[in-house]
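Let chain A serve as the given structure and place chain B on it in line with the hints.
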Amino acid sequence: AQSVSQHNHHVILSEAASLELGCNYSYGGTVNLFWYVQYPGQHLQLLLKYFSGDPLVKGIKGFEAEFIKSKFSFNLRKPSVQWSDTAEYFCAAFGNNRLAFGKGNQVVVIP
Amino acid sequence: GAVVSQHPSWVICKSGTSVKIECRSLDFQATTMFWYRQFPKQSLMLMATSNEGSKATYEQGVEKDKFLINHASLTLSTLTVTSAHPEDSSFYICSIPGGSSYNSPLHFGNGTRLTVT
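Protein chains in written order, with this note's numbering: chain A, 1 to 111; chain B, 1 to 117.
One thing to keep in mind: the hints can contain errors.
[To be verified] No more than 27 Å apart at the CA atoms, straight line, and that leaves these computed lysine-lysine pairs for BS3-like: (1) B:K20 x B:K55; (2) B:K66 x B:K14; (3) A:K58 x A:K78; (4) A:K71 x A:K103; (5) A:K61 x A:K49; (6) B:K20 x A:K61; (7) B:K41 x B:K64; (8) A:K61 x A:K103; (9) A:K61 x A:K71; (10) A:K78 x B:K41; (11) A:K71 x B:K64; (12) A:K49 x B:K41; (13) B:K20 x A:K58; (14) A:K103 x A:K69; (15) A:K103 x B:K41; (16) A:K49 x A:K103; (17) A:K78 x A:K103; (18) A:K78 x A:K61; (19) A:K103 x A:K58; (20) A:K58 x B:K55; (21) B:K64 x B:K14.
Note that these hints are calculated values from the structure, not bench results.
Owing to the predicted nature of the structure, the values given are computational and were not obtained by experimental measurement.
For reference, chain A alone in the conformation it holds in the complex (with noise of 0.2 Å):
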C-alpha cells in the first residue's frame, strides 16, 4: 500500500535560519504530491503540489519543494523562516488511486 515517510516529527529553528522537511512516498507508478500546512488553530491547506513538468515547484509563502523521482522524494524547504512558519506541515502522495499522508512534522520558529 501506499505510505509517505516523514521524519524528524519536532523540528526547532530560529528566525531566519533556512528549512528543509523529508518526504518520502512509496508508490512506484505515476504519483502526484502535495505538501499541506495546519497553522495553529486552522485548518489543514494547500501549501503546494506537483502533478507533472518542472520537479521545482513553488508555492505560497516563499516554500518550495523538490521531486526527485529516483529518490522518491518530494522534500519542502524555505531559505528564510519566520516566525509565522510556526506550523504542523503533511507531505501527501496520491498513486494508484489512493491518497496517504506522512505523520506530520511540527516546525517551531522561535522568534
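Structure of chain B alone, referenced to chain A:
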C-alpha cells in the same frame, strides 16, 4: 474564506452515547467527501469516502456500523460515532476534493476533537 465547515469543533461525551459530526461544503456541490481520523503524532488515516446518494465506502478495519456516514445532499455529510468508547477519542476531519478527480487537492474542515469519558 472557508470552503468546508465542520461542526462541532470539539465534543465531550459519555461512553455509550452517540455523537454526530457535520461536514458542509460551502462553496460548491460535493458528490464526494472524505472522513479522516488522526491520533496524536500520527498521520491522517482515511476512514471512509462519503458518496452523495449512495452508501459510503469504508476503509479496511473501519467498522461501518460504528461510524455511520450519511451524505444526503450535495453539501452535507454526517459522521455519527455510535456507542462511543474512550478508544474512539480522536480528531476527526472531513475534506472535499477541490476538483472532479480523486487526485485533486483537498479542502479540509477544521476538524472535531472527540473525547469520550
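*Enumerate the violated hints, using their earlier numbering and listing them in ascending order.*
6, 11, 13, 20
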